[in-house]
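Enquirer: Required output: the full structure, derived from the provided sequences and hints.
These protein sequence lines are chains W and R, in that order. According to this note's numbering, the first sequence holds residues 635 to 1087 in order. According to this note's numbering, the second sequence holds residues 635 to 1087 in order.
Quick caveat, the hints were computed from the structure, so don't treat them as lab data. There's no promise every hint is true.
It does not matter which identical chain is used: a pair holds within one copy or between any two.
When the alpha-carbon atoms are kept at most 27 Å apart in a straight line, the in silico BS3-like pairs for lysine-lysine are as follows [what the hints assert, rightly or not]:
{"no.": "1", "residue 1": "Lys-1001", "residue 2": "Lys-704"}
{"no.": "2", "residue 1": "Lys-727", "residue 2": "Lys-814"}
{"no.": "3", "residue 1": "Lys-884", "residue 2": "Lys-704"}
{"no.": "4", "residue 1": "Lys-746", "residue 2": "Lys-670"}
{"no.": "5", "residue 1": "Lys-884", "residue 2": "Lys-722"}
{"no.": "6", "residue 1": "Lys-857", "residue 2": "Lys-727"}
{"no.": "7", "residue 1": "Lys-704", "residue 2": "Lys-993"}
{"no.": "8", "residue 1": "Lys-746", "residue 2": "Lys-722"}
{"no.": "9", "residue 1": "Lys-838", "residue 2": "Lys-982"}
{"no.": "10", "residue 1": "Lys-923", "residue 2": "Lys-952"}
{"no.": "11", "residue 1": "Lys-1001", "residue 2": "Lys-857"}
{"no.": "12", "residue 1": "Lys-781", "residue 2": "Lys-857"}
{"no.": "13", "residue 1": "Lys-1001", "residue 2": "Lys-952"}
{"no.": "14", "residue 1": "Lys-727", "residue 2": "Lys-884"}
{"no.": "15", "residue 1": "Lys-814", "residue 2": "Lys-923"}
{"no.": "16", "residue 1": "Lys-814", "residue 2": "Lys-637"}
{"no.": "17", "residue 1": "Lys-814", "residue 2": "Lys-781"}
{"no.": "18", "residue 1": "Lys-704", "residue 2": "Lys-781"}
{"no.": "19", "residue 1": "Lys-663", "residue 2": "Lys-704"}
Protein chains: 2
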Amino acid sequence: MHKSDILIIGGGPAAMVAAGTARQYYPEKNVSVLKKSDESMVPCGIPYVFGPLLESVEDDMIPCGDMAAKMGTELIVDEAVDIDYDTKTVAGKSGETYGYEKLIIATGSIPKIPEQIRNYDAPGVFFVPKDPAYIRRMHDAVAGMRKIVVVGTGFIGIEIANEFCDTGKEVALVGSRLLKHSFDPEVSSYMEQIVEKKGIVHYKNRRTCEIVLDSDGHACGVKFEDGETIACDGVVLATGYRPNTELARKSGLSMRQGETIYVDEYMRTTQPDVFAVGDCAEKRHFITKRGIPVMLASTATAEARVAVANLYSINLVKSFSGTIAIFSTVVGNTCFGSAGITEEDAKKQRIDIVSTVVKVTDKHPAKLPNTHEQAVKLVASRATGQLIGAQVVGGIDIGEMINMLGVIIENRMTVFDLLGLQVATHPLLTSAPTTYPIIVAAQNLAARYLSKK
Amino acid sequence: MHKSDILIIGGGPAAMVAAGTARQYYPEKNVSVLKKSDESMVPCGIPYVFGPLLESVEDDMIPCGDMAAKMGTELIVDEAVDIDYDTKTVAGKSGETYGYEKLIIATGSIPKIPEQIRNYDAPGVFFVPKDPAYIRRMHDAVAGMRKIVVVGTGFIGIEIANEFCDTGKEVALVGSRLLKHSFDPEVSSYMEQIVEKKGIVHYKNRRTCEIVLDSDGHACGVKFEDGETIACDGVVLATGYRPNTELARKSGLSMRQGETIYVDEYMRTTQPDVFAVGDCAEKRHFITKRGIPVMLASTATAEARVAVANLYSINLVKSFSGTIAIFSTVVGNTCFGSAGITEEDAKKQRIDIVSTVVKVTDKHPAKLPNTHEQAVKLVASRATGQLIGAQVVGGIDIGEMINMLGVIIENRMTVFDLLGLQVATHPLLTSAPTTYPIIVAAQNLAARYLSKK
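Expert: Below, the structure written as C-alpha cells:
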C-alpha cells in the first residue's frame, strides 16, 4: 500500500494549489496528487487553443509531473475508483491502494450531456472537456471545418465562437441571450451587437433538438425545436458542466441535491479528515445563500487554500461565506466583468434592490489615444445600501476593476462607504477622479437617501 | 451683495465635484462656484500636453462655465481675497461681496518655490502650475527647445520628462531616486532602468543649487551642489506643490502646522458652516495617523463628496479615516501603482512589518501575445497580518489593481482574509487563478503563521 500524509485526488487548479499550499504549511508531511494523466490544461485557456492567439494546444498545457516535482510533492498517475473512509484508503484502477491521513477531493467537473439533443454523440460533434487528449483530437478535427455551430451561450460557448470566428470560420451561436446568468439584458444586448458585428450569427432563444447527420453518420447540421435546420461541418456543444462526483457518490459521501459534495465553510465533508474543493464541492451564493452551480478556477483555488489551512485544525476562521460568482471575459475588443447578483436574478429572488448605470471613458482627458468606453452597473439593497452586484464593460482594465468590486462586495460595503472611497486615478490608466464610475454610481444610489428633495 | 446658499471657492476637481454633489443632494439650494478664471485644466493631464498623446493644450482644458451651467450651478469669475466668518461673507477682488449659508474652501495647491535654487525665476525656467494661461505660454516656449532639464523626481517630474523624451527632446532628470515617497528602492531601480533605456539621463541624488544664465539672463544650464554644471535650453522645476492657503490664513482660519487648513473627519474647519476639501485641507495618513502632504485629485474629490453629504447634518458617519496615499503612473510602457505605506517608510515609522514580492505574467498561459510581467509587493503588520501597503508594477490593468488593493487596505483586511479572496481570472485579462499575485503574496506572508515547521 502507498501511504501519504496528505493525498489529493484530481489535477486541476484546485488540486495543484492544494498540493503547493500543503507543502508550504506542512513541510514535514508528504503530499501526493493522484490523477489520471501526467498533464493538465489551463482550463480557461482552452477556447484560445482554437484561435489565433495560441500557436498550438501545447501552449495551454501544464506539465503536472514537473510541477509536482518542483513543489516537492509526488504525482501518482492512476484513477481513483473507490474510497474506504474507515480504513482511510483510496482504491486505484491499477489495483494499488493509497492510504491517507488527510484526503482532499478535487475531481472537478465534466461536460454535461444534453440528452435532449438527438445524436449528441455523433462524429463531428464535440464537447469541451478539460482533457488534453480529447482537445488535441478536436483541434485537429475542427481545423479543416469551414462552418461550425456552437450550441451554448455561456462563457465557453461565446469564447470558443469568438476564436473560431477569428480564424476565419463561419460561426453560428445558438442559445439564449448571451451570458444570461452573469449579466443583465442590456449588457447581453451590447455583447450581442459585438458578436454580430464580428459576423457570428446568433440564433437567440432557439432550442436545439437534433444534430442532423449526413449519409456517413457525420454531423452536417443542427435542427431547432421550431423545425428550422442550419447546415454546418461540425458542432460544438458548450452546454455546461456538471460536478465530477461519481467517485464521491459511489464511496458513500454525503451529497447536496445528489450533485455536489456537501462541505461546510471550512471545506470539510461529512467524513472525518476528508475535504472537498473546487467544482465537485457544494457552492452557496454569497448573497442569496442558496446553492448555485458556479464553476470557477479562481473560486476553486480559494477553496483549496482555505481547506489546506484548516487540514489539521481550524486556523482560518471564515469571515466571508459563499461564492460571489465573479467572472470576466472578452468579446471582440471589449471586456466584461460581473460579480455578485444581477438585477434580474435579484428580482427573481425577491431581493428589494436599487440599481444604476454610469458610462465614462477609461482614460482622461477623453482625447487621449486608445480610449475605451467604460460602463459600470451597481445593484444594491434598497434598505441598507449594501452593494450586492456589479457589472462592468470596457477595456482590458475591466479584469481588475471587477476584482476591486468583488472585494467591495465581500466586505459588505455600502454605497455610502463608496462615497469616500480612495482610488488612484491617472490620465493613461483610469477615468477622471471626478467621474470615476464606481463612485459616481454609488453616489447616484446614495442620493436617494441623502437628497433633501 | 451676491448671496448663495452653498458657496465654493476654487475650481479644481474637488470644487467641481462639491458643486455637482451639492446640486444632487440639495436641489432646492442655490450653489455658486467662485474662481479666478472660467476654465480649468485636468490637473493630472498637464504632463501629457507636452508629449505626443494630446494634440494641444486645449485637449486638457475643462470649460468650467459650461460645466457649471450643466450642473445648474453659477460660476462667478472673481478672486476671493478675504472671508468674514461673523457676517458669513467672502470679499472679491472685484469689490463684490459674496454671502453664504455654507462655505466650502477648495483652493488647491500651487508650486512650491525652491528658494534654495538661485535664479529659479529666470526666463527659461518653468514651474508646473495648474494655470491654463501659464501652461499655454510654457508649451509654446518649450516647443523649440532641444535639451531640457527637469528638476524633481516626483510624479510630475518623471511624467513630464517622459513626455519631453517622447517628442524627441534630450532630457535630463535631476533629483533623488524616482518616486521615493511612494515606492521602495527596488521599484525605483526598475523605473530608473526604464527611464535610462528611453535615453533620459538621470542625475540621481544630485542637488541643484543654481540655474546658470546666459548673457541675456536666460536659463542655459543647471549647477549642482558638487559644482558640476549641465547645459540646456530650458529648465522645468517640478519640485513639489504647497497648499494654496493664503486666503484661509489671512482670514484667520485655524491651520495645521501653519500649512494646511485644519479639518475634522467630516471636513469641517474650526469655523461653523465652513468646510475645506482637497489639497488645501489637512491630510492624515490612514496607517501612521500623522500629517502627510499627499495631494491627489482622487482624494480631493472623495473629501468633497464627504463634505457635501455632511453640509447640513452629519449623514455619513465615517468608517475610514486618513489618506491611504494611493497613486498610479506610467513610465515607458510600464505601469506602477502604490497604496498605503512603503516598507522603507514603515521602518522609519517603527512599524513592525513583514513584506514579500511575487512576480507573474498578467495573462495566462504566458504564451499569449502582449503578455506583460506583473509584480506585486505587499507590506503587512507582523503582529496582526493587516495589509498596510502595496506596490504593483505591470501592464495597463495595474491602474485598477492598485485600486483593488486600496479597497483591501481601507477595509483593514489581513493576509489571512486574502487567502480565500474571490477574484475573476481570465486568460486575456489576468494572471492564472493558481498564481494570482495578491493572493500568492498574502499566502507567503500568512505561511509565517500557518506553517507548522
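Enquirer: Which constraints among the numbered hints does this structure fail? Numbers only, ascending.
Expert: Of the numbered hints, 2, 3, 6, 8, 11, 13, 16 and 18 do not hold.
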